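S.K.: Below, each chain spelled out in residue letters.
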Amino acid sequence: MSISRRKFLGWLGAAGFGSALGNTARAASNKHFDGYPNSNGVLFDNTRCIGCRKCEEGCNRVNELPEPERPFSDLSLLDAKRRTTAKAYTVVNRYDDIVSEKGPLYTKFQCNHCLEPACASACFVRAFTKTETGAVVYDASVCVGCRYCMIACPFEIPTYEYDKAFTPRVMKCTMCYPRVVKGLLPGCVEACPTEALTFGKRQDLLKIGRERIAKFPERYEDYIYGENEMGGTSWLYLSGEPFKDVGMREDLGVTPAPKLTAGALSVVPMVVGLWPVLLTGIYAINKRKGKIEKQEKEQAVVAALEKAQNEAEAKLSEAMEKAEKEKAAAIETAVSKALEEAAKASEEDAGDTAVEDADKKSSEEDS
Amino acid sequence: MGKGRALLRWNAIFVAVVVILFLMNSPAVFGNETQPKKALEMRADIIQIDSMNVFGKLEKPAVTFLHQKHTDALEKKGKDCAACHLSEKDPTLDIERMSTMYMRLKNTSKQEDMDIYHDNCISCHKETKAAKEPSGPLECGGCHQEQVTVISSWRPIGMDKSLHYRHSKAQDDKCEKCHHEYNESTKKLFYAKGKEGTCRYCHAEKTEENRISMRLASHIACIDCHRRTIAKNESAGPFNCNGCHEPAEQKLIETVKDVPRMKLNQPDFVFVKTSASNPKKSNPATRMKLVPFNHQAHEKYNDSCRVCHHAALDDCVKCHSLEGSKEGDNVTLQQSMHRLNVNQSCMGCHEAELNKQTCAGCHTSFEKKRQQGTTSCENCHMVPPSRITHEVQPAEQKMMAAATLEAREAVTVTYDDQEIPEIVTIKALMNQYEPVKLPHRKIIKTLFNNIKDNKLANYFHHEKGTICQGCHHNSPAAKKPPNCVSCHGRPFNAKDPFKPGLMAAYHRQCMECHKAMDIKKPVSTNCTACHAKKT
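In order, the protein sequence lines correspond to chains A and B.
Using the numbering used here, the first residue of the first sequence is number 1, and each one after it goes up by one.
Using the numbering used here, the first residue of the second sequence is number 1, and each one after it goes up by one.
The shape of chain A in the complex, shown without the other chains (with noise of 0.2 angstroms):
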């Protein structure tokens, strides 16, 4: 049997828009979420910023993160463009190409913390949590290491214990949510000299942000990012520079990462329940199909073959008959003619000469 690829396509297409018809349902993590209404942000200021690493510190103090290879007082380590690590929730990178009177610029990263987050929409075993305090937690007890969460983070942030053989973990960044939920700053913020970082509640930190941009214009570009970046995140920054001057992704969008593949993935229990009953009946009616076909055709070649022969049996023995009569009628006009011509000779001529000369024709005639 075989299916055209129109055809397969065509099904394809039913298959997907049955599916969307009257089909609001999510993938369970894909619920949309406007924000807990009080959840904490940071708001980081780059402007403020100083690049003393202190942040850095701070962050691997509170977490109790693995001391690093050189102290935190070397800062000669913004030289190169670093990323989070396992053993680093928080860098610090400096922009000093940026010609600028403002001087070089410092952009931390660490995670963002989205009010959406794409890291939990991909995860299956929900070992990512929004919590109501606006940090995005991990649950490594549940965790699989698919890593898929890594691939997810459209800012690269989530990190996996590679040296770990057994208890590999994926870390990154809590918004030290044990400490928030004791009523402490997060370690970063804590340590900060400048304020370069301020801790609240996300709501208040974009007017900040707005009062900042409008008391200093000049100071500021006129942008809060995270305000929506990928549905908005409860990291927030202002920057004295184009944020993409600043190593900050500015081709994200403003859709958070479960509804771009929520469509896609709420079609999963439907494609793995009802997809091979489709399928499969299909399969079944088109090789059925197939069948009464090949049988059909099979008793039209045998019609049409006895037809064809009895058309030609008919033909022949017309064909004969007809042979047959134009001999008799021959012989017929031959005996008349003939008789004809002797009687006129007999009684021209003589009676004799006639019936001889009637008589050598007629056998002419049967050679």
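What the hints contain is simulated information worked out from the structure, not anything from laboratory work.
It should be emphasised that the depicted structure is a prediction, and the values quoted were computed from it without experimental measurement.
C-beta: ideal position from N, C-alpha, C; glycine also.
Over the 10 angstroms line for every Cβ pair with chain A, so calculated as not near, a few chain B residues:
hint: 1; residue: 91
hint: 2; residue: 123
hint: 3; residue: 128
hint: 4; residue: 164
hint: 5; residue: 178
hint: 6; residue: 179
hint: 7; residue: 310
hint: 8; residue: 342
hint: 9; residue: 413
hint: 10; residue: 446
Pair by pair, the computed Cβ-Cβ distance ranges are:
hint: 11; chain 1: A; residue 1: 81; chain 2: B; residue 2: 230; range: 56 to 64 angstroms
hint: 12; chain 1: B; residue 1: 314; chain 2: A; residue 2: 207; range: 42 to 50 angstroms
hint: 13; chain 1: B; residue 1: 353; chain 2: A; residue 2: 213; range: 18 to 26 angstroms
hint: 14; chain 1: A; residue 1: 96; chain 2: B; residue 2: 41; range: 24 to 32 angstroms
hint: 15; chain 1: B; residue 1: 310; chain 2: A; residue 2: 213; range: 26 to 34 angstroms
Could you slot chain B onto chain A? The hints should help.
M.R.: Positioned in the frame of chain A, the structure of chain B alone reads:
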């Protein structure tokens, strides 16, 4: 089958040839050095010949013409501007003037103009080539190039005070040599004494009816005069592109330090006029105090009259009336004096002065806005209006303006040394470091010495506590202003979200001031430079 094999063979040969050709261009294989991307040559004489666009869309890329390259080449051949530019009688002045157009006096038709360029350019290039001299291109693509290897270093040039003085001196103060007015009826230029103004008042960016653009006017008039003067073997300004527009050569233009004042009946001292015609129209009860203005001093601070008198050499109030008028683009007199972010207004210009290193330390952290407060208004608004009766100010009133300004206390003052704590010990962060010893008096002395010779600053720091307000902000000027800790405490107070905590208040106050004043030491990231290690 045999056919297929032949096809395959040919295919293989073709691929091999392509690969070889490709490799031949590749420096990696054949060791050719990669040609470094040619750096664009900086030139001040680039002219885009796109004059054909008046006849519609260009058929070929515009020609990037290097003017000085041609004038230099012609000079060597003993030819001058007339080799390419025609002259005609200027009807407005009845003298012969050279057109800035190439080999024609005006645009006629597309074909004709095109022919003028093609015939003349190419024939000259051909002749030069025939004479075995370096010459220009002969083929289309040689001139009509999409990709150019030059980049403009062109800089505008303006008639500043020094240049103007040198010109008027060379012309024996004959202003009519350059300044003119246009008579609509006779269509002639004439000189109106006392009405001289900046060229740009009339000659705008683009040529308008009856008045040519600034670009055209300056090239016709300046170059014409320079050329004629040099022809008489007298010294004159440049008449090539670079002489005026090349940044390096601009610096060679002689500047006169102490330029005598221009003479145009401008006042020395004056009350800023608030009403052009009808002084009784405004309500005397709500009238602001009048502003005596030192016109003479402001002439010195600026490079040309145009900085303030941006549209005409008239009283500000002529266009910027109290209520705003069409002539003044509905900018009222009040706005025209107080607007920030513009150069022409008093406050806009004064505000820009705050970016100076000596001022920025304190002022960088202040929001840029009009500081409302009687004392700051009265720095300028000094004289009650009742004392001035006439808008046309007689000499004695001007003298009064002068006297008021003279009497104004223009000295930066602060408290005596013994009244200022010498060292302030900051005991925050004692869990990590020893207390910080802030050289409190030294800081105030430095700030004071930085501005004590700045006349503008002196007008605004005549209260003893004003300098203190640089750090002790949001507090009235006082001998004992509140400490930092009076207001700043724990950070991130949701009820007072805009106020930094104590640690950030200290650090930002110190660091941002040091950064704005370009103080290199102590480095912000060196904790122990201020906080001594705990022993």
